[in-house]
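If you're matching them up, the sequences are chains A and B in order. When you number the first sequence by full-length UniProt numbering, it's gap-free, plus one each residue, and the end is 477. When you number the second sequence by full-length UniProt numbering, it's gap-free, plus one each residue, and the end is 477.
No lab work stands behind these hints: they were computed from the structure. Mixed in with the good hints, there may be bad ones.
Since the list gives no way to pick out one identical chain from another, each pair is judged satisfied if it fits inside one copy or across any two copies.
[To be verified] Straight line, CA to CA, 30 Å or less: simulated DSS-like cross-link-like pairs of lysine-lysine:
1) Lys421 / Lys108
2) Lys247 / Lys114
3) Lys255 / Lys29
4) Lys108 / Lys253
5) Lys421 / Lys60
6) Lys356 / Lys253
7) Lys114 / Lys240
8) Lys50 / Lys247
9) Lys421 / Lys114
10) Lys421 / Lys48
11) Lys108 / Lys228
12) Lys50 / Lys13
13) Lys253 / Lys29
14) Lys240 / Lys253
15) Lys29 / Lys50
16) Lys306 / Lys253
17) Lys50 / Lys255
18) Lys253 / Lys37
19) Lys70 / Lys13
20) Lys356 / Lys306
21) Lys60 / Lys29
Protein chains: 2
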Amino acid sequence: MAGLVQRNPRFSKLNDDDVRYFEGILGAKNVVQDEDKLVAANIDWMHKYKGSSRLLLQPKTTEQVSQILKYCDSRSLAVVPQGGNTGLVGGSVPVFDEVIVSLSSMNKIISFDKVSGILVCEAGCILENIISFLDNEGFIMPLDLGAKGSCQIGGNVSTNAGGLRLVRYGSLHGNVLGVEAVLANGTVLDMLKTLRKDNTGYDLKHLFIGSEGSLGIVTKVSILTPPKLSSVNVAFLACKDYSSCQKLLQEAKRKLGEILSAFEFLDGQSMNLVLNHLEGARNPLPTLHDYYVLIETTGSDESSDKQKLEAFLLGSMENELISDGVLAQDINQASSFWHLREGISEALMRAGAVYKYDLSIPVEQMYNLVEEMRSRLGNTANVIGYGHLGDSNLHLNISTPQYDDKILSQIEPFVYEWTSKHRGSISAEHGVGLMKANEIFYSKSGETVQLMASIKNLLDPNHILNPYKVLPRSLIS
Amino acid sequence: MAGLVQRNPRFSKLNDDDVRYFEGILGAKNVVQDEDKLVAANIDWMHKYKGSSRLLLQPKTTEQVSQILKYCDSRSLAVVPQGGNTGLVGGSVPVFDEVIVSLSSMNKIISFDKVSGILVCEAGCILENIISFLDNEGFIMPLDLGAKGSCQIGGNVSTNAGGLRLVRYGSLHGNVLGVEAVLANGTVLDMLKTLRKDNTGYDLKHLFIGSEGSLGIVTKVSILTPPKLSSVNVAFLACKDYSSCQKLLQEAKRKLGEILSAFEFLDGQSMNLVLNHLEGARNPLPTLHDYYVLIETTGSDESSDKQKLEAFLLGSMENELISDGVLAQDINQASSFWHLREGISEALMRAGAVYKYDLSIPVEQMYNLVEEMRSRLGNTANVIGYGHLGDSNLHLNISTPQYDDKILSQIEPFVYEWTSKHRGSISAEHGVGLMKANEIFYSKSGETVQLMASIKNLLDPNHILNPYKVLPRSLIS
């Protein structure tokens, strides 16, 4: 991928004085030059994007992040901020020799208020650790996703991660109450409010939610967490066609209403892939089907919730929206249903090369794209469709034995043009990164992208933060 | 108030050529110069802020708004955008002779998608009309507030209005999916997406949510609306002390969980005021109390919801968190409970002069401020406390026979200092407007306010949009 991009010659090359300076700030052991240790930070999770950074910095405090950036800005050293490095669009690895600033050592929970449910923590906290912490306190994270074991909250905020609970709790723009961020020139912006409402001036924290580290480095986050509700039910269902899945969603929104907490979709091809490539995966239904839906409800009343879900399932069987289905009898069975859905990414990785697209498309049209892609590619590739149906978010994945430019040229720009024509988004939740920086116009107007570039110039005039990414290279050079 | 501000001499004065130009764009009848008609647009709802504009423009299209702004920018004519003019901080009326751009004629609903619940409409739609429209379609607005009969959705978005349902549905930053806005130079930013998820670049619509018309004029809005749920219950309760109200809130969050849709608070003084000054108000309880709470639940299952609420109320009676209470038996009784809470603003208006403060303060400390203010002012004023307890939002109101600078000097800056000391916000939902432009530092750091000013300079370099407001006058001149 980096092959299509030129290194910006305005960036300096790292020298020994730079390294000594960083050692002075961080101590020698937090300035990593060891090549073996750099390998993992230079390459993304999918092994698709690979940089050649020679330096990984591990600050422990906001003040250190500030000193690092101030120095890099003055020296024109490019920087890539890195959290758990679980991104899917090449946003979290260097493209060339950028200095990697890892937030992993800033992993403390700072405070939790049990009255309001407001958590304040450092950016490097791993999502799963936060989830466990909150679970002990009787609360839950409004965000959950397959990569929770590695991804960090700072990266989640920086990419505006969506995930499995968005249908219930909404996006991070709604749930994040405050952010502390460091600008390219080292200025620390303290916007770390712990208030549900604060209308004093422009709400600038939103600039740092979803800007993929290109406007500043998020160092701390405050987030509103809902109380944990006692009753969780999970059903795994089969539908005879896509139209039934869609009708089932509409019914679920009405009939399950306030207790619906997830509505996930996978097609028969996704299921086959998972059954073939994911350890411990097994079909909870006696036969195979073409379409599956996972429904989760979360509420405060065990008996009435279960009754409501059962009535809904019975009604949907009678209306023939569901062909078969099973309601999890215990937490282990519920986990095994979720494992099928959450494990698709991993199964794809094991199956070979994969072209991943993360699209917002109106629910009615969503599956047409999967079918068109299938007929376009014929038997050269395995096209699978799954995703967050409740949010109109399709994960279109094309699995092939190995990467092949000929296949890529059949997929792109077709997939972007199709999405744009249907007024969708070419990135629902994965972000833009390196992968789609030049494709942003498929989803945003020229004037809007121009204003993004002006804001980039204002906040990071030397463009040292996460270069080559997010914005078209014609606008930022 | 304008007495403290100087008219910025860089702004031109309106001349006949300007009027002719506007008539050419809008037609003569949409260019209002009649003094009688200008009176209402020059003065705010509370009769506290009064400008002296000689021109009110009524565009019908985004293109007309664009032409107006482009012209005003080139001529250095200052502009105040105006919706329903229900603001409480002097944000929606001219300070001097600014040209008033009213959005009232842009009041069409553009589209509504019953599958996704996404509404697209023009900025001048009155909130109550949208609520009625959605009601017919089987959906509800995630936003509701006392001023709904006059306020417009564009103004709601521009001030990031909070209101009565925020505890359930969250803020407009979470619910608004798209915005169309016109910049000072006439550029139309089309960010009118109808997607629940879209991570392509910086999410700039958030700059226009809550910036009070100082960065651009919002002309269209797209918003996610939840399905209407069939079962709504309202209880009006009395508590013996503030601490019981607070504990009741914590219990309600746990026990009512996903069906809780409002948790409102008013003290005995608020109740007295309403009973004395608001038409049709009567105490639903047999005796008077010191503290009242209104709880609303909204869910999909009549019998189980009612059962749940009744069990919660019974338990709270037994625990002595509630001293008395009544559950509305029908929609008329529910409305009469809401009338008490929503009518406080109107009752205050009828009672004389009023100093209004809208504060976010951690729930534990919130009522201390009311009590401190009461002992500070003695019997010179009637201090009342009410608000959205579920969001930690206190409306502190000080009612006096007439405005009096001596009283004001006892209130301010004390109220801001107290709020700042308790890490609160000096504007939870009303915004900054003219009233608090110089007080913003009580809630935001110097670096953050400086960045706000830089963004103002970037988007509106001649500062024609809603001048003298939102940002400190020392930074914008």
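Hints, one by one, checked against the model:
1. Taking the shortest Cα distances, Lys421 and Lys108 sit within 30 Å of each other only across copies (25 Å), while inside one copy they are farther apart (45 Å).
2. Within a single copy, Lys247 and Lys114 get their C-alpha atoms only as close as 39 Å, which misses the 30 Å cut-off; across copies the closest is 12 Å, which meets it.
3. Within a single copy, Lys255 and Lys29 get their C-alpha atoms no closer than 57 Å, and across copies no closer than 50 Å, so neither meets the 30 Å cut-off.
4. For the homomeric pair Lys108 and Lys253, the shortest alpha-carbon distance between copies (27 Å) is at most 30 Å, but the shortest distance inside one copy (38 Å) is not.
5. Taking the shortest Cα distances, Lys421 and Lys60 sit within 30 Å of each other only across copies (28 Å), while inside one copy they are farther apart (46 Å).
6. For a Cα distance limit of 30 Å, the shortest separation of Lys356 from Lys253 inside one copy, 29 Å, qualifies, whereas the shortest one across copies, 40 Å, does not.
7. For a Cα distance limit of 30 Å, the shortest separation of Lys114 from Lys240 across copies, 23 Å, qualifies, whereas the shortest one inside one copy, 45 Å, does not.
8. Taking the shortest alpha-carbon separations for Lys50 and Lys247, neither the intra-copy value of 43 Å nor the inter-copy value of 54 Å comes in at or below 30 Å.
9. For the homomeric pair Lys421 and Lys114, the shortest alpha-carbon distance between copies (21 Å) is at most 30 Å, but the shortest distance inside one copy (47 Å) is not.
10. Taking CA atoms no more than 30 Å apart as the test, Lys421 paired with Lys48 passes inside one copy only; the shortest distance there is 28 Å, against 50 Å between copies.
11. Taking identical chains as interchangeable, the C-alpha atoms of Lys108 and Lys228 lie at most 30 Å apart only when both belong to the same chain, with a minimum of 22 Å there against 41 Å between chains.
12. In this assembly of identical chains, Lys50 and Lys13 lie within 30 Å of each other by CA distance solely inside one copy; the values are 18 Å within and 60 Å between copies.
13. For the identical chains of this complex, Lys253 and Lys29 are neighbours neither inside a copy (53 Å) nor across copies (47 Å), given an alpha-carbon limit of 30 Å.
14. Taking CA atoms no more than 30 Å apart as the test, Lys240 paired with Lys253 passes inside one copy only; the shortest distance there is 20 Å, against 40 Å between copies.
15. Only within a single protomer do Lys29 and Lys50 lie at most 30 Å apart by alpha-carbon distance; the minimum there is 24 Å, versus 64 Å between protomers.
16. Taking identical chains as interchangeable, the C-alpha atoms of Lys306 and Lys253 lie at most 30 Å apart whether they share a chain (16 Å) or sit on different chains (21 Å).
17. Taking the closest pair of Cα atoms, Lys50 and Lys255 never come within 30 Å of each other, the shortest separation being 48 Å inside a single copy and 50 Å across copies.
18. Taking the shortest alpha-carbon separations for Lys253 and Lys37, neither the intra-copy value of 48 Å nor the inter-copy value of 47 Å comes in at or below 30 Å.
19. Taking the shortest Cα distances, Lys70 and Lys13 sit within 30 Å of each other inside one copy (16 Å), while across copies they are farther apart (45 Å).
20. For a Cα distance limit of 30 Å, the shortest separation of Lys356 from Lys306 qualifies neither inside one copy, at 36 Å, nor across copies, at 47 Å.
21. In this homomeric assembly, Lys60 and Lys29 come within 30 Å of each other (Cα to Cα) only inside a single copy, at 12 Å, whereas the closest approach across copies is 64 Å.
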